[in-house]
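Chains as they are written, first to last, in the numbering used here: chain G, 453 to 833; chain L, 453 to 833.
Be a bit skeptical, because a hint or two may be false.
Copies of the same chain look alike in the list, so a pair counts if it fits in one copy or across any two.
Within a straight-line C-alpha distance of at most 20 Å, the following computed SDA-like cross-link-like pairs (lysine to any residue) qualify [what the hints assert, rightly or not]:
hint : residue 1 : residue 2
1    : LYS760    : ILE480
2    : LYS468    : ILE819
3    : LYS810    : ASP661
4    : LYS495    : ASP758
5    : LYS722    : GLN479
6    : LYS536    : HIS709
7    : LYS801    : ALA606
8    : LYS782    : GLU697
9    : LYS536    : LYS662
10   : LYS495    : GLU746
11   : LYS785    : GLU820
12   : LYS677    : HIS558
13   : LYS495    : MET755
14   : LYS536    : GLN557
15   : LYS782    : ARG759
16   : LYS782    : ASP758
17   : LYS722    : ALA783
18   : LYS801    : GLN479
19   : LYS810    : ILE480
20   : LYS801    : LEU790
21   : LYS760    : THR804
22   : LYS760    : LEU474
23   : LYS662    : GLY638
24   : LYS760    : ARG489
25   : LYS495    : ALA761
26   : LYS760    : MET453
27   : LYS468    : HIS816
Treat the hints as calculated values from the structure; they're not laboratory data.
In this text the structure is predicted, and so the values were computed from the model without any measurement.
2 protein chains.
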Amino acid sequence: MAVYLDNNATTALDEKVLEAMLPYMGQITGNPSSVHRFGRLQKDAIEQARELVARLAGARAEQVIFTSGGTESNNLLLNGFNRKNKAARIAVSAIEHMSLLEPAQHLLPAADIIPVDENGLVKLAGLEQVMTEQTSLLSVMIANNETGVVQNLAPLINFAAERDCYFHTDASQAAGKIALDFVDSGVHAMTISAHKLYGPVGVDALILDKRLPLSKIQFGGSQEKNLRAGTENVPAIVGFGRAAELALTSLQTTASHVRSLRDALEKGLKEFSTISIFAEPAERLPNTVQFAIEGFDGETMLMQLDRKAIAVSSGSACTSGKTEPSHVLKAMKLADALANSAIRVSFGKNNTMSDVEKLLAALHDIIEINQHSSVMMAATV
Amino acid sequence: MAVYLDNNATTALDEKVLEAMLPYMGQITGNPSSVHRFGRLQKDAIEQARELVARLAGARAEQVIFTSGGTESNNLLLNGFNRKNKAARIAVSAIEHMSLLEPAQHLLPAADIIPVDENGLVKLAGLEQVMTEQTSLLSVMIANNETGVVQNLAPLINFAAERDCYFHTDASQAAGKIALDFVDSGVHAMTISAHKLYGPVGVDALILDKRLPLSKIQFGGSQEKNLRAGTENVPAIVGFGRAAELALTSLQTTASHVRSLRDALEKGLKEFSTISIFAEPAERLPNTVQFAIEGFDGETMLMQLDRKAIAVSSGSACTSGKTEPSHVLKAMKLADALANSAIRVSFGKNNTMSDVEKLLAALHDIIEINQHSSVMMAATV
Numbered sequence: 453m454a455v456y457l458d459n460n461a462t463t464a465l466d467e468k469v470l471e472a473m474l475p476y477m478g479q480i481t482g483n484p485s486s487v488h489r490f491g492r493l494q495k496d497a498i499e500q501a502r503e504l505v506a507r508l509a510g511a512r513a514e515q516v517i518f519t520s521g522g523t524e525s526n527n528l529l530l531n532g533f534n535r536k537n538k539a540a541r542i543a544v545s546a547i548e549h550m551s552l553l554e555p556a557q558h559l560l561p562a563a564d565i566i567p568v569d570e571n572g573l574v575k576l577a578g579l580e581q582v583m584t585e586q587t588s589l590l591s592v593m594i595a596n597n598e599t600g601v602v603q604n605l606a607p608l609i610n611f612a613a614e615r616d617c618y619f620h621t622d623a624s625q626a627a628g629k630i631a632l633d634f635v636d637s638g639v640h641a642m643t644i645s646a647h648k649l650y651g652p653v654g655v656d657a658l659i660l661d662k663r664l665p666l667s668k669i670q671f672g673g674s675q676e677k678n679l680r681a682g683t684e685n686v687p688a689i690v691g692f693g694r695a696a697e698l699a700l701t702s703l704q705t706t707a708s709h710v711r712s713l714r715d716a717l718e719k720g721l722k723e724f725s726t727i728s729i730f731a732e733p734a735e736r737l738p739n740t741v742q743f744a745i746e747g748f749d750g751e752t753m754l755m756q757l758d759r760k761a762i763a764v765s766s767g768s769a770c771t772s773g774k775t776e777p778s779h780v781l782k783a784m785k786l787a788d789a790l791a792n793s794a795i796r797v798s799f800g801k802n803n804t805m806s807d808v809e810k811l812l813a814a815l816h817d818i819i820e821i822n823q824h825s826s827v828m829m830a831a832t833v
Numbered sequence: 453m454a455v456y457l458d459n460n461a462t463t464a465l466d467e468k469v470l471e472a473m474l475p476y477m478g479q480i481t482g483n484p485s486s487v488h489r490f491g492r493l494q495k496d497a498i499e500q501a502r503e504l505v506a507r508l509a510g511a512r513a514e515q516v517i518f519t520s521g522g523t524e525s526n527n528l529l530l531n532g533f534n535r536k537n538k539a540a541r542i543a544v545s546a547i548e549h550m551s552l553l554e555p556a557q558h559l560l561p562a563a564d565i566i567p568v569d570e571n572g573l574v575k576l577a578g579l580e581q582v583m584t585e586q587t588s589l590l591s592v593m594i595a596n597n598e599t600g601v602v603q604n605l606a607p608l609i610n611f612a613a614e615r616d617c618y619f620h621t622d623a624s625q626a627a628g629k630i631a632l633d634f635v636d637s638g639v640h641a642m643t644i645s646a647h648k649l650y651g652p653v654g655v656d657a658l659i660l661d662k663r664l665p666l667s668k669i670q671f672g673g674s675q676e677k678n679l680r681a682g683t684e685n686v687p688a689i690v691g692f693g694r695a696a697e698l699a700l701t702s703l704q705t706t707a708s709h710v711r712s713l714r715d716a717l718e719k720g721l722k723e724f725s726t727i728s729i730f731a732e733p734a735e736r737l738p739n740t741v742q743f744a745i746e747g748f749d750g751e752t753m754l755m756q757l758d759r760k761a762i763a764v765s766s767g768s769a770c771t772s773g774k775t776e777p778s779h780v781l782k783a784m785k786l787a788d789a790l791a792n793s794a795i796r797v798s799f800g801k802n803n804t805m806s807d808v809e810k811l812l813a814a815l816h817d818i819i820e821i822n823q824h825s826s827v828m829m830a831a832t833v
């Protein structure tokens with residue numbers, strides 16, 4: 453059986469989530485915008501899910517805007533803010549997901565990039581460097597998808613608040629792994645994705661403090677408080693609600709479980725002489741480790757592991773077609789050779805200690821065969 | 453058991469479609485952008501579905517761009533065309549879905565509205581009226597969601613072609629009800645929605661001739677030929693493929709079935725003395741009838757039918773919160789009193805002749821009670 457160690461890219465749908473979705477995927481249908489009983493049933497289901505997603509985020513139900521995915525949420529935030537605030541400058545950190553960095557590059561007239569330190573952390577000095585009089589929205593993620601690094605957001609949020617600047621955080625990787633507190637944290641917007649926490653693909657929430665002025669960017673209906681036109685994806689929204697409920701209940705259990713796997717893997721990795729674990733001194737998500745084995749190309753290693761039926765990532769899933777180092781590792785100023793060797797392992801609740809052992813054994817084999825064939829090649833030259 | 457007669461708003465998921473989706477909603481997961489075996493499996497599933505959707509549209513697989521819904525497709529088309537062609541004017545017909553009319557109003561610097569005749573038909577005279585030297589994209593739907601009126605597109609497409617003008621058609625209501633032929637028709641873009649043809653919500657296809665210049669409007673990844681960033685909704689895409697396959701196979705059977713129900717309903721309706729059937733002289737979809745019973749408000753009638761467990765629509769589902777006449781009926785210059793009485797019945801393959809009988813009986817009761825209470829009221833004054 454193949455081993456899936458790429459849970460930061462997407463997670464398997466929880467069977468309890470599927471169970472919650474199925475009643476909305478059968479003979480009973482209805483458009484939530486219809487006023488008859490079929491429509492009202494769908495609308496009620498959306499509102500129940502909204503409550504559950506809000507609870508996971510530490511937000512109020514009325515702050516939850518459902519969209520079709522994290523990429524849409526992040527585009528809505530940046531582009532929608534820009535539509536309302538033409539003169540504003542926006543600043544996003546250098547290690548954000550491409551769904552924030554690309555809209556910043558392509559849609560906005562004025563976006564700045566906040567640098568990070570060698571561990572991928574945003575520091576006050578970095579913020580001060582890019583802050584202008586016009587900067588009115590900052591976006592810094594809670595946890596990074598590649599390295600798993602968790603930011604210390606509180607001082608950054610304070611910094612923004614003192615300057616009347618709105619603050620958005622992409623919690624796509626943090627949700628379900630660490631506790632969230634939208635209201636108390638003082639952020640004005642937060643992105644949470646269902647398919648990263650054992651929920652369905654095709655649904656996401658942009659949690660929004662209504663003080664943050666936002667225009668919709670997709671027109672044609674007044675759904676989602678007039679911020680996102682389009683027929684609501686009710687089964688996916690219902691599934692998101694259930695996944696959020698389960699994630700909140702099992703937050704500590706899941707975190708402990710994946711942490712024990714991650715720690716065991718790191719212990720095993722350190723027995724290889726030429727290992728580097730990225731951002732090791734920083735606080736990291738309990739499930740994620742990104743590392744390099746010196747002299748081994750990450751993409752090649754990924755494919756060799758794939759032949760042994762073990763799935764990992766070499767960088768962010770969305771850009772893994774590229775051969776250049778990921779923008780995250782570049783921003784951390786890692787040497788190219790090290791960055792190109794990057795392998796990311798992201799555990800999920802379905803993984804077991806046996807998966808860790810299989811991965812370590814596979815890495816051992818690959819390293820040994822390679823060293824052997826190097827010797828062989830040297831001998832035949 | 454409640455009777456659902458609102459299939460133009462959304463349809464029940466076919467159980468064969470659900471069956472096709474379930475393998476992608478379980479323990480086997482993967483992000484299609486991941487290069488390992490889990491990712492490749494998801495990518496293959498998308499490509500198979502693309503082939504099936506293309507076949508329904510009479511298009512080639514490489515012309516299919518998957519999005520999150522019809523509203524997104526229509527926004528992508530107008531906004532994406534505008535981003536590439538800043539100087540262009542765009543013209544859309546007055547009876548388009550709001551997902552075309554609203555972006556035309558809010559996102560575009562230059563959009564014109566093509567008038568329709570009293571049956572809701574776009575005529576060459578109407579096109580000539582709005583056409584300017586700068587007009588480079590026309591959008592006219594195949595079939596209208598409210599009245600069911602089917603356009604005679606061929607002369608309009610020729611008119612556009614002679615002027616080097618691109619042509620888009622929204623086939624959301626036509627797909628699965630009448631045959632489509634993207635390539636041979638000469639249109640450059642077409643919108644098809646899965647949830648209108650017994651497929652899942654949350655997925656749609658913008659069929660695109662690559663000669664039509666389009667920019668993406670949602671950034672953050674190179675998915676869907678770099679025209680739509682965001683993790684693909686694989687189960688929904690797979691379901692769309694299966695729904696398209698089933699729709700193509702059963703096109704004639706379904707059309708005959710719903711036509712027989714619609715014809716029986718119209719025959720019954722005509723026994724009421726004060727009935728008007730909208731756009732009756734025009735070609736209409738086999739499943740749709742929109743009518744008015746003089747003196748009866750449409751919204752009130754809808755609610756009275758709902759109390760009798762029969763679901764119909766009074767206008768387009770997306771705007772049914774409003775009390776003013778629908779923009780479609782306004783464009784047809786229907787008298788307000790008649791437009792406000794509008795009831796839309798849209799049959800689906802799961803409906804039966806018994807549903808027609810129940811609706812006719814219910815209408816009869818409502819009219820009778822109402823006439824009785826009018827008499828009563830007159831007597832007590």
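Verification of the supplied hints:
1. LYS760 x ILE480: between (44 Å within a copy, 17 Å between copies)
2. LYS468 x ILE819: Classified as neither; 40 Å inside a copy, 47 Å across copies.
3. LYS810 x ASP661: This pair counts as neither: shortest intra-copy Cα distance 45 Å, inter-copy 48 Å.
4. LYS495 x ASP758: between (43 Å within a copy, 16 Å between copies)
5. LYS722 x GLN479: Neither way: LYS722 and GLN479 sit 55 Å apart in one copy and 31 Å across, limit 20 Å.
6. LYS536 x HIS709: For LYS536 and HIS709, neither the intra-copy (44 Å) nor the inter-copy (50 Å) Cα distance is at most 20 Å.
7. LYS801 x ALA606: neither (29 Å within a copy, 56 Å between copies)
8. LYS782 x GLU697: neither (37 Å within a copy, 46 Å between copies)
9. LYS536 x LYS662: Within. Shortest intra-copy distance 13 Å satisfies the 20 Å Cα cut-off; inter-copy 33 Å does not.
10. LYS495 x GLU746: neither (54 Å within a copy, 31 Å between copies)
11. LYS785 x GLU820: neither (30 Å within a copy, 80 Å between copies)
12. LYS677 x HIS558: For LYS677 and HIS558, only the inter-copy Cα distance (17 Å) is at most 20 Å; the intra-copy one is 27 Å.
13. LYS495 x MET755: Intra 45 Å, inter 17 Å, cutoff 20 Å: inter-copy only.
14. LYS536 x GLN557: Close inside one copy (18 Å) and across copies (16 Å); limit 20 Å.
15. LYS782 x ARG759: Neither, since 29 Å and 63 Å both go past 20 Å.
16. LYS782 x ASP758: neither (26 Å within a copy, 60 Å between copies)
17. LYS722 x ALA783: Close neither inside one copy (25 Å) nor across copies (72 Å); limit 20 Å.
18. LYS801 x GLN479: This pair counts as between: shortest inter-copy Cα distance 12 Å, intra-copy 33 Å.
19. LYS810 x ILE480: between (45 Å within a copy, 19 Å between copies)
20. LYS801 x LEU790: neither (29 Å within a copy, 59 Å between copies)
21. LYS760 x THR804: within (17 Å within a copy, 54 Å between copies)
22. LYS760 x LEU474: Neither: 35 Å inside a copy, 27 Å across copies.
23. LYS662 x GLY638: Classified as within: same-chain Cα gap 13 Å, cross-chain 46 Å, threshold 20 Å.
24. LYS760 x ARG489: between (53 Å within a copy, 10 Å between copies)
25. LYS495 x ALA761: between (43 Å within a copy, 17 Å between copies)
26. LYS760 x MET453: Answer is within: at 10 Å inside a copy they meet the 20 Å cutoff, but 54 Å across does not.
27. LYS468 x HIS816: neither (37 Å within a copy, 45 Å between copies)
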